[in-house]
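**Student:** Construct all of the structure, not just a fragment, from the sequences and the given hints.
The listed protein sequences derive, respectively, from chains A and B.
Counting from -6, one number per residue, gives the positions in the first sequence under this note's numbering.
Counting from -6, one number per residue, gives the positions in the second sequence under this note's numbering.
Hints were generated in silico from the structure; no laboratory data involved.
These figures come from a predicted structure and were not determined experimentally.
Any given hint could be a false lead.
[Said to hold, decoys possible] Straight line, CA to CA, 30 Å or less: simulated DSSO-like cross-link-like pairs of lysine-lysine:
hint: 1; chain 1: B; residue 1: Lys99; chain 2: B; residue 2: Lys13
hint: 2; chain 1: B; residue 1: Lys370; chain 2: A; residue 2: Lys326
hint: 3; chain 1: A; residue 1: Lys246; chain 2: B; residue 2: Lys368
[Stated by the list, open to error] Chain B residues, not near chain A, derived (Cβ > 12 Å throughout):
hint: 4; residue: Thr29
hint: 5; residue: Asp179
hint: 6; residue: Glu359
[Claimed, not checked] Computed from the model, here is a short list of chain A residues facing chain B with C-beta under 10 Å:
hint: 7; residue: Leu240
hint: 8; residue: Glu317
hint: 9; residue: Leu365
Just so you know, even glycine gets a beta-carbon here, dropped at the ideal spot from N, CA and C.
Number of protein chains: 2
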Amino acid sequence: MPAPTTLLGYIDENADRFIKRLADAVAIPSVSGDRTHREDVFKMAKFIEDQLQTLGVQTRLEDLGTETLDGHEIKLPPAVLGKIGEDPKKKTILIYGHFDVQPAFKSDGWSTDPFTLTIADDGQLIGRGSSDDKGPILGWLNVLEAHRDLGIGLPVNLRFVFEGMEESGSVGLDEFIAAEHARGKDGWFHGVDVVCISDNYWLNTRTPCITYGLRGLAYMFVQVSGPARDLHSGVFGRTVHEPMTDLVTLLGKLVAPDGTILIPGVDDMIRAADSEERELYDRLDYSIADIEAAVGASIAVSDDKTQVLMGRMRQPSLSIHGIEGAFYGSGAKTVIPAKVTGKFSIRLVPPQTPDKVVPLVIQYLEAEFAKLNSKNKLRVYLEHGGKPWVADIKHWNYEAAIKATQAVYNKLPDMTREGGSIPVTLTFAETLGVNVLLLPMGRGDDGAHSTNEKLDRSNFIEGTKLLGTYLHEVAAINA
Amino acid sequence: MPAPTTLLGYIDENADRFIKRLADAVAIPSVSGDRTHREDVFKMAKFIEDQLQTLGVQTRLEDLGTETLDGHEIKLPPAVLGKIGEDPKKKTILIYGHFDVQPAFKSDGWSTDPFTLTIADDGQLIGRGSSDDKGPILGWLNVLEAHRDLGIGLPVNLRFVFEGMEESGSVGLDEFIAAEHARGKDGWFHGVDVVCISDNYWLNTRTPCITYGLRGLAYMFVQVSGPARDLHSGVFGRTVHEPMTDLVTLLGKLVAPDGTILIPGVDDMIRAADSEERELYDRLDYSIADIEAAVGASIAVSDDKTQVLMGRMRQPSLSIHGIEGAFYGSGAKTVIPAKVTGKFSIRLVPPQTPDKVVPLVIQYLEAEFAKLNSKNKLRVYLEHGGKPWVADIKHWNYEAAIKATQAVYNKLPDMTREGGSIPVTLTFAETLGVNVLLLPMGRGDDGAHSTNEKLDRSNFIEGTKLLGTYLHEVAAINA
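**Tutor:** The following block contains the structure:
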């Protein structure tokens, strides 16, 4: 049972009106990280709630408490909860999205006013939040509206959780999810079979993708301290153990230029890809030229696209971010810094977790430091971490998404894992214990956190069809 | 012919008045680095000129032009030139000092108002510039006054150059010295036999010292650049060559934790100390406890005092100061910095010069970078440099200073080289081609650029005797 053709036709016919609604949503500058825009985030919550109610969804604004921002205690934006359908014979899908956005100022380099949706000649819908993540949320509204107007019953039960703090650490959300889950049969999430999140992007600009994995993170600090205060290098150079000498020596032993992690046991945790898995990467519509275009330089670690993609998706990576406490300005300063803290992070993939990897890092750095015979003091510790996530792509949730993509786009989706993290994914997967699907709407060049963020018109409209078709494919599977 | 005892008696008898004059000098906040104090630096120049004139010195205020400070073009403080004595049978000594000071605010942590000379119970004269370098300049005024009041003829011809920009890079001074020297017989420096500078410190708090060497400097930048902009480590970790990985690897190959420079050929330029030279360091009144007290931690590179002192005085040192372009804040940021510049400097000792050392550094880093097989770009270059300086301590200038120290302090001075640089020393030595002597007045704990700068009363008074006695010892030597 694919989606009714009337549904797809309705979406095409109403495209301009859908875009107008997206413009209304983009016009509300719901920047969660800017205190002066907090009211707009509330306004945006109300906008979504009103739309949901109009479309027959039972809603609730969930108060998530307060936070301290710039020294002021202010109310957190509410989560917008929605429920439609309670047929025990139908599957129940939880939809997640966020209605807050990244900051944006014309002066950052935008070609147009960031909070006025501008339709370019090539069909790009330019504006903050167009792709991240108002477009996808409105995609769901479009789907609901099409069903209502056409008198087609929803093939599944739906639950919505739309939050207003995703760009600011999702403050309050994890606690809410955990608390509701703990309420068992009375909780908001009772009966949810699977989760669908549309908040990431295609690997490229050409081929739709479905994402089934995210890397975890172990963000670590390595601190070397020596003298009681910064020293003058003229007076003390070659008389004392300098913390920077020790630190760069240690940082230089973490990772090879080609990305190989030098900490014993870390890379080894990952089994090599078998031919079946390797084929998954071979098939991805991606080239070395794509990565070079994305970074603006010919610096890929390999000429083999598959190896580069596996480096990003199914291997851990170690990046050195910087040093706190050393001289960082322009010009010259002849200082021997007294206490320096190297910052690096390891992106984790299953079966790695911070618990498994961090002790190896600490042990290794302490052993390497001991070899230096330095009288300085070393401290290595985890600053924050998160587990990686990989979903079972043989689950009906994925089966439905793949079929829906084929139906709408007439091609197989790229099956991808992402190098970064979307923490709420892990929260849903671990707390609710259900399959989670990442079903993106936008393209890899949408510039989600950048200037001139856009969503292509075709991605918005075909993406709406995709979301609708996915619901029908879910219902059609006998699971 | 030691100094007449009446001279030494006069200095003791007039000590309180000399301290009063030092208080008047400290009261003028002649901070050269602070535009709002520029008038005070001019006022200080006039103060010194008036005193010199009163004492029979022929003076001139030398206009050194203008500089741009904080975006404003302002007049440089003049150099105060002085001349007394033109007897061709007498030696001619050029005296250098500076009347500008470092910034100082009570709020920096001073116990007393920095521009009010405070006499502590233990005899410390506390105030900005007391030791650096108003005390020594006033020491010379004290000597002139004693000779005039006692009717004792000066045993040498004297020339004075007191500048008001030393704490701000001595802007304009090098050019003046070079220009005057180029004027030959008509130039201000014509006939100068030797130079005496009192602008550094004893090695410790117990034993007077005479300084005959300074290290030079090669301040270098090593820059690695890759992507066109900063990248997200989640998305790009293990897909591209990361500039920070390359940079820390290179920085980790510069110097061993014990201070050994790993760049081939750099340490090798210095011949090992022979037993005679080693003895010079053995004799210095210094201990590992002294260095540990100075840095506030037990981090000396060796338990052998002689080795530590040689590391500071007669060996090159390499210190890594920091990285520009990387993350340096507190907290965590998952950035792959696009362009990072490591900053390090090498302190040089003869026969090293920037010209000899810099090519070795560049060649080494380029070779090490080539081994990394990175596609990033490397650039290594000298930011600024200066030659080292070592004087002939068998010259009569030193002979006289040693005798004067023995006469006043009744002990042999520590013969020291300093790890830092005092650029004007090199200018005088190279431009005028004469022997330069560093004859400090203050102690190693005076805190010249720090809070609660002080000069001990005994250092001011005995130091005045030392400067006066030195002139008589110079005259007594048949050279």
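**Student:** Taking the earlier hints as the rules, which of them does this structure contradict?
**Tutor:** none
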